[in-house]
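Undergrad: Those letters in the sequence shown? Residues -13 to 197, per the working numbering, in order.
Quick caveat, the hints were computed from the structure, so don't treat them as lab data.
Warning: the hint list may mix true and false statements.
[What the hints assert, rightly or not] Okay, the calculated beta carbon distance ranges per label pair:
{"id": "1", "residue 1": "Thr14", "residue 2": "His66", "range": "15 to 23 Å"}
{"id": "2", "residue 1": "Gly64", "residue 2": "Arg90", "range": "36 to 44 Å"}
{"id": "3", "residue 1": "Val54", "residue 2": "Arg90", "range": "32 to 40 Å"}
All C-beta atoms in this analysis are idealised placements derived from N, C-alpha and C, irrespective of residue type, glycine included.
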Amino acid sequence: MRETIVRTLTGIALIVVALMAAVLGGYTFAILVAAVATGMFYEWLRLVRGWSFSWKIAGFLYCVLPAVALLWIRDRSGDHGISLLLWVFLVTWATDIGAYFAGRSFGKRKLAPSISPGKTVEGLWGGVAAAALFGAAWVIATDLNRALILLAPLFAIAAQGGDLFESKMKRWAGVKDSGDWLPGHGGVLDRVDGLVPVAVLTFVAQVAGLA
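Generate coordinates for the entire structure from the input sequences, incorporating the hints supplied.
TA: This is how it looks when you write it as C-alpha cells:
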C-alpha cells in the first residue's frame, strides 16, 4: 500500500512538472528535455558498462531522438504544437496507468515472463484501451488530425514494447532499476521508456501529415 502511495505521489509530481514545462514552452521546456535526455544517457552508460562501444552509440541515439522529436512537436507543429505534445504525454501516461491497474485487477496471463514477470496480457490491453479512449477524446476536444485516433492504440503497443525493451536491458545488466532518482519509479529510463517510441513515432506521423 505504501509503495502504491509513493509511486502515485511521485507520478503526480512528474506529470505536473512536465505539463508546466510543456505549457511554458521555449527555454523552460528545452531545458527540461535536455535534463531528462542527459539523465537517460547517464543511466544508459551505467547499464552498458563493459559492453561494446556500439551500445554507447545506440544509447546516444536512444536519448537524443525522442528529445529532438519532443522539441520539434512542441515548437514546429504550428498552432497545434502544444495540443499534439500533450497528446503524446496523454497516450503515454494512459498506457502506463491503464496497464498498471488492469494488470493488478485482472492480470492472469503473463505477457513476457522471461523479461518482465509482472506484466500481463490483460495489462497490455488495458493500456491500449486507456490510450485509445483518452487519446481519441483529446483529439476530438482539440481538433487534432483524426488519424491520431487510429494511431493512439498502435502507439500504446509501441510504448509497452519500449517498456519491455528497457526491462530486457536491465536483465542483461543484472539490475532491478536503471537508477534510484524517483521514489517508487526507479530511474529516468524506467519512467520514460514508453515515451521514447511514442515521441519518435508521433514526430514521424507529424512529418507524414498524419498529426
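Undergrad: Are the hints correct? Go through all of them and say.
TA: Consistency of the hints with the structure:
no.: 1; hint: Thr14 - His66: 15 to 23 Å; in the structure: holds (20 Å)
no.: 2; hint: Gly64 - Arg90: 36 to 44 Å; in the structure: holds (40 Å)
no.: 3; hint: Val54 - Arg90: 32 to 40 Å; in the structure: holds (35 Å)
Hint violations for this structure: none, all hints satisfied.
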